[in-house]
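Protein chains in written order, with full-length UniProt numbering: chain P, 1 to 264; chain B, 1 to 403.
Read the hints as simulated data drawn from the structure, not as lab findings.
Heads up, the beta-carbon is just placed ideally off N, CA and C, and yes, glycines get one too.
Treat the hints with care, as some may be off.
Claimed, not checked - Facing chain B, from chain P, some residues (calculated, C-beta under 10 Å):
#1 62
#2 79
#3 103
#4 107
#5 132
#6 158
#7 159
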Amino acid sequence: MTTSTVASAIRTRVDAGSGALIGYLPVGFPSLGASVDAAVALVENGVDVLEMGLPYSDPVMDGPVIQAATQRALADGFRLRDGFTAVKAITEQVSAPVLIMTYWNPVVQYGVDRFADDLAAAGGAGLITPDLIPDEAAPWLSASERVGLDRVFLAAPSSTDARLHQAVEASRGFVYAVSTMGITGARSDVDAAARTLVARLRDAGATSTCVGIGISTAAQVREVLEYADGAIVGSALVKALAEGGIEAVGALAAELSSGTRIPA
Amino acid sequence: MSLRTEEGPYFGDFGGRFVPESLIAALDELSEAYELAKLDPEFTAELTDLLVNYVGRPSLITEVPRFAQHAGGARIILKREDLNHTGSHKINNVLGQALLTRRIGKTRVIAETGAGQHGVATATAAALFGLDCVVYMGEVDTERQALNVARMRLLGAEVIPVTAGSRTLKDAINEAMRDWVTNVEHTNYIFGTVAGPHPFPAMVRDFQKIIGEEARVQVLERTGALPTAVAACVGGGSNAIGIFHAFLDDTDVALYGFEAGGEGVDGPRHAATITKGKPGVLHGARSFMLQDEDGQTIESHSISAGLDYPGVGPEHSWLSDIGRAQYRPVTDADAMSALRLLSRTEGIIPAIESSHALAGALELGKELGPDAVILVNLSGRGDKDMETAGRYFDLIDAGAEQS
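Given these sequences and hints, build the entire structure.
Pasting the structure below:
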């Protein structure tokens with residue numbers, strides 16, 4: 001099996017003394033071109049791994065900030081194939097690995113194998129699937145295996161040990177530890193539950209665990225990286241992009257990435 | 001092989017649990033509690049007591065000969081779920097799930113609602129059991145079902161209008177799921193139909209199958225035989241599966257589900273999920289759904305808020321797939337004509353949802369001929385729809401139609 005570029009990118013930062021910053025942005029917001037430019041700006045400002053979300057009509061895991069952005073992208077005519085266009089355009093400009101975050105039905109309709117082929121051809125690293133549990137993922141497990149794509153499954157504070165084992169077993173790249181019981185959106189405190197969950201995932205054999213949901217400041221990034229391999233920021237970046245454009249989202253990425261550096 | 005023994009999570013190729021991992025523990029907890037409750041005579045006794053002494057079960061069957069004159073002379077018998085406390089079949093399921101909520105020690109319930117019938121039923125059960133209750137309802141639906149919003153609030157529930165997406169039932173479900181993910185520790189989601197992730201399709205069906213079990217015995221007693229056909233409207237499909245289930249193994253009894261054909265299924269404005277949709281994943285289950293080629297859900301349309309849903313329960317997709325039940329569209333116009341016809345010929349004002357089944361039965365009668373006996377699930381009463389009907393038939397304004 002080929003080495004996961006996502007796992008390597010995270011490992012490099014962990015070995016250097018802290019951990020990775022993973023940034024989420026939706027494809028097609030505020031436009032297809034601007035979403036590519038914004039993603040490039042994230043990497044240029046210290047984001048190690050990109051998570052590009054595909055806008056979907058029924059995003060049950062997303063809070064109001066991401067919902068507003070993805071609804072706007074859909075209203076502006078986002079098509080699934082734009083996801084591959086974006087991944088290709090981003091990977092041509094920067095070397096950071098690019099994961100696609102997508103709800104499951106668009107992949108099913110596109111065809112799981114065809115989706116895997118086209119994502120690999122575009123230079124994508126794999127998929128994060130918020131509404132697909134490993135129990136239902138057989139077609140994706142085999143397609144990703146065949147093409148060599150990463151697959152990131154979620155683990156929740158409420159997951160049993162057996163389910164954590166299953167998530168670790170099925171995931172490649174990293175396991176997405178959901179910091180708190182809830183949907184995406186900035187929170188003033190990243191739940192203490194995240195620390196416990198990461199420790200449990202480690203006990204279950206995880207070598208690469210990133211924490212997401214509720215992280216919006218450099219201090220929170222720093223705190224999460226004390227115990228996890230990566231910190232995922234989404235809504236805060238989307239808000240910055242919506243309010244201040246590419247310059248603002250780049251500046252926030254630079255600020256957040258200061259959280260990945262060990263204080264002098 | 002019996003078709004009545006399917007327990008999920010899969011019905012053929014349909015069903016499953018396509019939900020965020022954060023919800024799995026809650027779904028497992030619910031599944032386990034339900035499996036235990038099913039075997040517990042105390043649970044059954046408590047539910048039966050509520051169904052008899054609170055809901056008013058068994059509900060009647062009523063033959064409607066003056067209405068049936070318009071159906072090619074076939075006999076039409078209505079199963080009167082409209083006479084249940086709160087005015088529809090929804091209460092059957094809600095009481096079961098409210099009892100389960102108490103068993104798993106949760107103190108807050110949430111629900112989605114389209115027409116408001118499930119929301120009213122949930123608010124009612126929450127009042128009865130002393131549970132906190134929040135009902136999510138698409139903003140469009142809060143406007144067309146204002147009376148039910150008032151009922152829920154009077155019963156002590158908080159009604160939250162959902163402004164995302166198409167602002168109807170599908171978006172109310174999304175919002176309820178988000179609430180559940182966030183508050184799962186003390187909150188139970190009382191799901192209103194036979195869609196959603198396992199265990200909801202099987203559990204809600206089990207709480208609704210009493211409709212068909214009663215009706216099967218009642219029709220046999222009344223006519224000496226099983227009906228020729230059973231008809232029900234299908235949105236998510238809870239009243240339909242409720243009346244179909246007892247007949248699944250009676251291969252001589254034809255089963256017909258009538259979907260909302262809206263302004264016609266050749267255009268985009270309908271909610272005929274099985275007729276016009278494709279298999280996909282929506283709201284936690286694989287089933288037929290209305291979607292575009294990218295898998296984005298297409299907004300449905302129906303004059304009836306309760307059928308205005310782009311998905312359908314997985315057991316219906318399976319019954320359609322194996323040919324055990326047939327699903328047909330009925331337009332807004334035909335449903336409204338049937339609503340008026342039943343009102344004027346029999347003195348029964350049906351819900352617009354149920355009127356789709358009535359309109360379907362009128363056509364079915366002409367096909368099956370005068371020897372046919374058609375059992376129709378009259379799943380709800382029409383009081384909540386008076387504003388829509390009043391506008392549709394011009395009954396409210398000055399100079400309104402009088403005859």
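For this session: Sort out which numbered hints this structure fails and list those numbers smallest first.
Result: Per hint list: zero violations.
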